[in-house]
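As a plain string of letters, each chain reads:
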Amino acid sequence: MKAVNGISYSLRKGEALGIVGESGCGKSVSVKSVIRLLPPKSVRISADYIRFFERDILDLSTRELRKILGNKISMVFQDPMNSLNPVLTIGRQIIEPLIIHTDISKDKAKKKAVELLELVKMPDAVKILECYPHELSGGMQQRIMIAMALICSPELLIADEPTTALDVTIQAQIIDLIKDLRNSLDMALIWISHDLGVVAGLVDRVIVMYAGCIVEETLVDDLFYHPKHPYTKALLKSLPCVEGRIDKKLETISGYPPDLIQLPKGCCFAERCKYNSKLCIEKRPELIQVSDTHKVACWEYVKGVKQ
Amino acid sequence: MLKKTLILIISLLVLLTGTVGIGVAEKSDAKTELVLALTNLPTSLDPLQDSGLSALTTYDLLYDRLVDIDEKGNIIPSLALSWEPTGEKVWTIKLRKNVVFHNGENFDAYTVKSVIDRALTAPESKQSAQVSLISEVRVIDGYTVEIETKEPWALLVNRLSRLWMYPTKYFDEVGPQGFSENPIGGGEYKFVKWKQDDYLVLEKNENYWRKEQSGIKKITLRHTPDITARINAVQAGEADMAFIIDPEQAVMMEGLGYKLISQPIGQAYIYFFRTTLDSPLSDVRVRQAINYAVDKDIIVNEIFMGKTRKLDGQPVGPDCSGYNPNISAYPYDVEKAKKLLTEAGYPDGFTIDFDGTAGLTPKDKEAAVLIADQLSKVGITMKITLNERGVYLDKLFNAKMAPFWAISLNYAPTMDAYGPLNNATSFTAHKSNADPEFDAKYLKWLAIFNPEEGKVISDELLQRYHDDALALFLWQVPGVYVLQPNIEGIKMRPDYTIDLTNAVVK
Amino acid sequence: MVKYFLYRVSLIPLIILGVVTIVFIILRLSGDPVSLFVGQDATPAEIEEVREEMGFNDPMIVQYGKYLGDVIRLDFGNSMRYGVPAFNLLPKRLPATLQLASFALFISIFIGILFGTVSALKQGTVLDAICSTITLIGQGAPVFWIGVMLILLFSVKLKLLPATGAGGIEHLILPGFTLGIFFAARVARITRAAILDIIAQQYIWTARAKGADEKRVFTLHIAKNAAISVITIIGLSIPSLIGGAVMTEAIFNWPGIGGFIVTAVFNRDYAIVQAGVVILAMTVAVTNIVVDFIYCYLDPRIKLGR
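Residue numbers (this note's numbering), protein chains in the order written: chain A, 1 to 307; chain B, 1 to 506; chain C, 1 to 306.
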């Protein structure tokens, strides 16, 4: 099964990229495969290169890869309750990246942990170190995950739907926190979400994925105000509007995403798209540059194609 | 934290495993040493405290008694040289001189008095009931004692075979506890080391008084209650001899090249008839018919693999002093059985309840099935109840047995006919027979002192037992022992005692 | 925590009461109880004497009351065979059983965790298949079969190890393995299941995302969590280890308390059986409490008594 179907993107130092798409579109898998954080027996990664600064991640031995994980590239996962080891104290878990990657003494590491907890605005930081994950709320756990990810001052932070499991108010807090941190730390960020609204105020650029492919890539404002791909348009239309009539019916996209085991040979979105043409069904459109900062994969935008 | 806990646990386990010194079970490697795997060691090395039959093996090695028993069940002099009744209720016994216990103490008349007195009165003595008819023991001189009984008792001296002699002065010094920990006897072997319910080590007493002595210098007796463990010990070379194994296991071991000794023990297995109840069994012809209808040879050969003998129409074997050589077993004759049944009025047979045992003696269950099958061929249906020990004893003590019931009659270690004959009197708890003539003759027999006269009466009693078919006479309980092929010359007696005089380890 | 501990300990007398009451009833179910305390050759006079001594002629309530009073004073009656109070015979045989059980526990934990871990980490490989099969056999085969097989091979055929008795370390090996194999199999299966379950957990990926090598992932993250299930199972299985010791001691003629009770059962030496049952019940009760506390010490999510 092809979870990811030929995707390609790049990120600049300090830049924030959002990856959006519905569940199962391959956003999480694609990112995890970048850092090879998938079970090696079940998954095969085939890529031309995965470059991190000058080094190709594909060429790295497991040992060298591990030196980077938690150190230069960190990840925050979706479900904080299950992402923390229930039998270890918070303190031990937070300092773990330091213990692994540096020679720092345990005491110094603990001090750093307290710093980080204060950075993520955790009250009673010193006490928290002795607590166990189940004693804390979801929001606090996620802050800890973030603190843990940042403790080695990584160049890149990958956040895989970090607020999906949290309620809305906490969500807002976490997003604000990330914004602040980005400002102060000059750290690159990849933020994965299925929620367009969340990425809106947070990232610089956005990639939209569908059925393992990138269907649109552009600056965040352009995406919201000048979406090009039919799927993106449909997504935006389906967002509930705070203003306007309450009894207005929510827009949906009819149909279902394709079976990843048997992908159609044409455009993956074709059967749900209103422009469903013969070409769309026959051949898969490639991702083409339609402006300096905007790419889209749709026959609509290929010059010389009959509508 | 986890590491520390682990280390703690591991060191605890290693400590427990290594330092608890259980003891070393010795292995024999010299040609003058033997390791015997017994069914059990005595509960105590104080010979008055364990009255069980299996304790005899051990006691006989450590101690001597006043009289021994020969292979025909007759008493022969041991520490007593001669004995005779000197009154209606008095026996005078002359003792052997120059017998010394392992600690140098002398054996004399005072020893005998002390032992018997203690047997009668000490709370820990298990032999008090056995010698309770004794009223007084008198020392006449250094080597003569007089024993007076409450009633005339012909079999007194036979009964004395249950009492083992030990240095009583030493015993008085150290008390029963001290004696148990450090026992001293006068037998062919003396005490070296003992671990209760584990093993006992003995070594040769070089000052032993007997003319013929064994060449074995060291014996280790091992307490091995599990029958498979006994056989394993022999197969693994850890024991030279295993006591009491099943007939099938014996045949298997024989096939593997091991030696066997087959010596039935002094226990007669019979099915008793309750003539006191109103049932078809109160007719003597019916009882005789049952004796004719059962093929005892088949039982001995098939179930016991030929490793024992059938009873010769009497509840004792030829190793009993009371054995009557003129009685033979009822032959297997189905026609005669049918004829007798018809005469008695049961041409088509009848149904009768049967109380048996399961596991109390070897193969009791299997035999019951076989006998029921044989009896069914003459129309008798046995309704079998196999009783657990507790239930069996309950029925026995409270006279609740079925009209037809199984019993293993023990006449060891005294090897006289007392037990089996008593069983057919009306003086029992189970109340199966009440023949006033039989009772009277029995009492007369108990009082006759002259052995020949006594034999005449007991022969008559046994003849009556046979002719009246008071029981279905079956077999003698087997005693099968297996040995390493390089052991020769060992003899076993019907009372579990072992004769090592000619034992040789090749 | 202390309150809960006291509460659990206070339940033990109740458990013992239940056990001894059942024993009392069973004794009287099988007919005249005196037949359990005398031999076949007992005369009617002796029988009556024992009846009086043991109070079997009293009304049932009186008997029960006396019986409970005796039990509290650890008086279970005199052993028929040994003639001394049954309870006195047991404690000195305990060390041998403890030695055997500890050794068996030790090797079974070691082998069990080893097999289970290898099986889990190499899931799906031939190694996993081999380990799982051996584990299955170990768990399915009865203790006495294993014991007899081991004796046949190592004692009889190869003459490498002794078949019976206690002594040095070489006497401990066969009975220890016999007793331990079943247990090891159980531990292996639980270990395998626990590890597989934990490997699939999200926090293992978190650890990897932090750059932890597989060794660290295993010792710090997997092992500590798996330990909870494994240690719980080990603790809860200790009663069956004791039960298995009974059979093992009989086969190998090991001078422990288990074999002693077995012999007493065959001899219908009731006083010993009674005392033994109570001691075993106590052991199980105490073990369960200890396991509960170890469990809550290991897993911070569990708080007792709330």
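Simulated from the structure, these hints should not be mistaken for lab results.
One or more of the hints may lead you astray.
As the list claims (entries may be wrong) - Under the rule of at most 20 Å between Cα atoms (straight-line distance), these lysine-lysine pairs were calculated in the PhoX-like manner: (1) Lys441/B / Lys431/B; (2) Lys248/A / Lys278/A; (3) Lys215/C / Lys67/A; (4) Lys338/B / Lys365/B; (5) Lys195/B / Lys157/C; (6) Lys506/B / Lys259/B; (7) Lys274/A / Lys237/A; (8) Lys265/A / Lys248/A; (9) Lys127/A / Lys108/A; (10) Lys259/B / Lys157/C; (11) Lys72/B / Lys89/B; (12) Lys218/B / Lys491/B; (13) Lys195/B / Lys169/B; (14) Lys121/A / Lys41/A; (15) Lys41/A / Lys157/C; (16) Lys303/A / Lys278/A; (17) Lys41/A / Lys92/C; (18) Lys193/B / Lys92/C.
As the list claims (entries may be wrong) - Pulled from the structure, derived: some chain A residues nowhere near chain C, Cβ distances all over 10 Å: (19) Ile35; (20) Arg63; (21) Asn71; (22) Asp79; (23) Ser83; (24) Val114; (25) Asp124; (26) His194; (27) Asp204; (28) Pro258; (29) Lys265; (30) Leu287; (31) Tyr301.
Said to hold, decoys possible - If the Cβ cut is set under 8 Å, some of the chain C residues that face chain A in the computed set are: (32) Glu49; (33) Arg51; (34) Arg208; (35) Ala209; (36) Ala212; (37) Ala223; (38) Lys224; (39) Asn225; (40) Ser229.
Think of the CB as a built atom: it goes at the ideal place given N, C-alpha and C, for glycine as much as any other residue.
Okay, the hints, checked on the actual structure:
Under the criterion of a C-alpha separation no larger than 20 Å, the hint pairing Lys441/B with Lys431/B is consistent with the structure, at around 18 Å. The hinted pair formed by Lys248/A and Lys278/A fails the criterion: a straight-line CA distance of about 34 Å is larger than 20 Å. Annotation: proposed proximity of Lys215/C to Lys67/A holds, straight-line Cα distance about 15 Å (limit 20 Å). The straight-line distance between the Cα atoms of Lys338/B and Lys365/B is roughly 26 Å, outside the 20 Å bound, and the hint therefore fails.
Between Lys195/B and Lys157/C the alpha-carbon distance is near 29 Å, which puts this suggested pair outside the 20 Å criterion. Under the criterion of a C-alpha separation no larger than 20 Å, the hint pairing Lys506/B with Lys259/B is consistent with the structure, at around 13 Å. A distance of roughly 14 Å separates the Cα atoms of Lys274/A and Lys237/A; the hinted pair therefore holds under the 20 Å criterion. A distance of roughly 37 Å separates the Cα atoms of Lys265/A and Lys248/A; the hinted pair therefore is violated under the 20 Å criterion.
Between the alpha carbons of Lys127/A and Lys108/A the distance comes to roughly 16 Å, so the proposed pair stays at or under 20 Å and holds. Taken as a hint, the Lys259/B and Lys157/C pair is honoured in the structure, with Cα atoms around 19 Å apart against an allowance of 20 Å. This hinted pair does not check out: Lys72/B and Lys89/B have alpha carbons roughly 27 Å apart, beyond 20 Å. Restraint check: the Cα-Cα separation between Lys218/B and Lys491/B comes to about 17 Å, which is no more than 20 Å; the hinted pair holds.
With a CA separation close to 25 Å, the supplied pair Lys195/B and Lys169/B exceeds the 20 Å bound. Taking the CA atoms of Lys121/A and Lys41/A, the gap is near 40 Å; set against the 20 Å cutoff, the hint is violated. Using a Cα cut-off of 20 Å, the hinted pair Lys41/A and Lys157/C is violated, with the two alpha carbons roughly 46 Å apart. Restraint check for Lys303/A and Lys278/A: the C-alpha separation of about 16 Å stays at or below 20 Å, so the hint holds.
Proposed proximity of Lys41/A and Lys92/C is contradicted: the alpha carbons are some 56 Å apart, above 20 Å. As the CA atoms of Lys193/B and Lys92/C are separated by approximately 18 Å, the hinted pair is consistent with the 20 Å bound. Against chain C, the non-interface label of Ile35/A is violated: not every CB pair exceeds 10 Å, the least being about 8 Å. For Arg63/A, the non-interface assignment is contradicted: its Cβ lies about 8 Å from the closest Cβ of chain C, within the 10 Å cut-off.
A beta-carbon of chain C comes within 10 Å of the beta-carbon of Asn71/A; the shortest separation is about 6 Å. In this structure Asp79/A is not separated from chain C by more than 10 Å, as the shortest Cβ-Cβ distance comes to only about 6 Å. In this structure Ser83/A is not separated from chain C by more than 10 Å, as the shortest Cβ-Cβ distance comes to only about 5 Å. Separation of Val114/A from chain C is adequate, the least Cβ-Cβ distance of about 18 Å exceeding the 10 Å criterion.
Here Asp124/A stays apart from chain C, with its beta-carbon at least about 18 Å from theirs, past the 10 Å limit. Every beta carbon of chain C lies more than 10 Å from that of His194/A, the smallest distance being close to 18 Å; the non-interface claim holds. Every CB of chain C lies more than 10 Å from the CB of Asp204/A, the least distance being 24 Å, so the non-interface label holds. Remark: the non-interface label on Pro258/A is consistent with the geometry, its nearest Cβ contact in chain C lying 28 Å away (cut-off 10 Å).
Here Lys265/A stays apart from chain C, with its beta-carbon at least about 34 Å from theirs, past the 10 Å limit. At the 10 Å boundary, the C-beta of Leu287/A stays outside the reach of chain C, the nearest C-beta of that chain being 29 Å off. At roughly 38 Å, the least C-beta separation between Tyr301/A and chain C is larger than 10 Å, which holds for a residue marked as non-interface. The closest approach between the C-beta of Glu49/C and any C-beta of chain A is roughly 64 Å, which is over the 8 Å cut-off, so the hint fails.
Using the Cβ-Cβ criterion of 8 Å, the hint placing Arg51/C at the interface with chain A is not satisfied: the shortest such distance is roughly 61 Å. Taking 8 Å as the C-beta contact cut-off toward chain A, the hint placing Arg208/C at the interface holds, the least distance being around 6 Å. Proximity of Ala209/C to chain A holds as hinted, the smallest CB-CB distance being about 4 Å (cut-off 8 Å). Nearest Cβ of chain A to the Cβ of Ala212/C: about 6 Å, under the 8 Å cut. The hint holds.
For Ala223/C, the interface hint is violated, the least distance from its beta-carbon to any beta-carbon of chain A being 10 Å, above 8 Å. Hint status for Lys224/C: holds, given a least beta-carbon distance of 5 Å to chain A, under 8 Å. At its closest, the beta carbon of Asn225/C sits 6 Å from a beta carbon of chain A; the interface hint therefore holds under the 8 Å criterion. The restraint placing Ser229/C at the interface with chain A is violated, with a minimum CB-CB distance near 12 Å, outside the 8 Å limit.
The structure fails hints 2, 4, 5, 8, 11, 13, 14, 15, 17, 19, 20, 21, 22, 23, 32, 33, 37, 40 (numbered hints given earlier, in ascending order).
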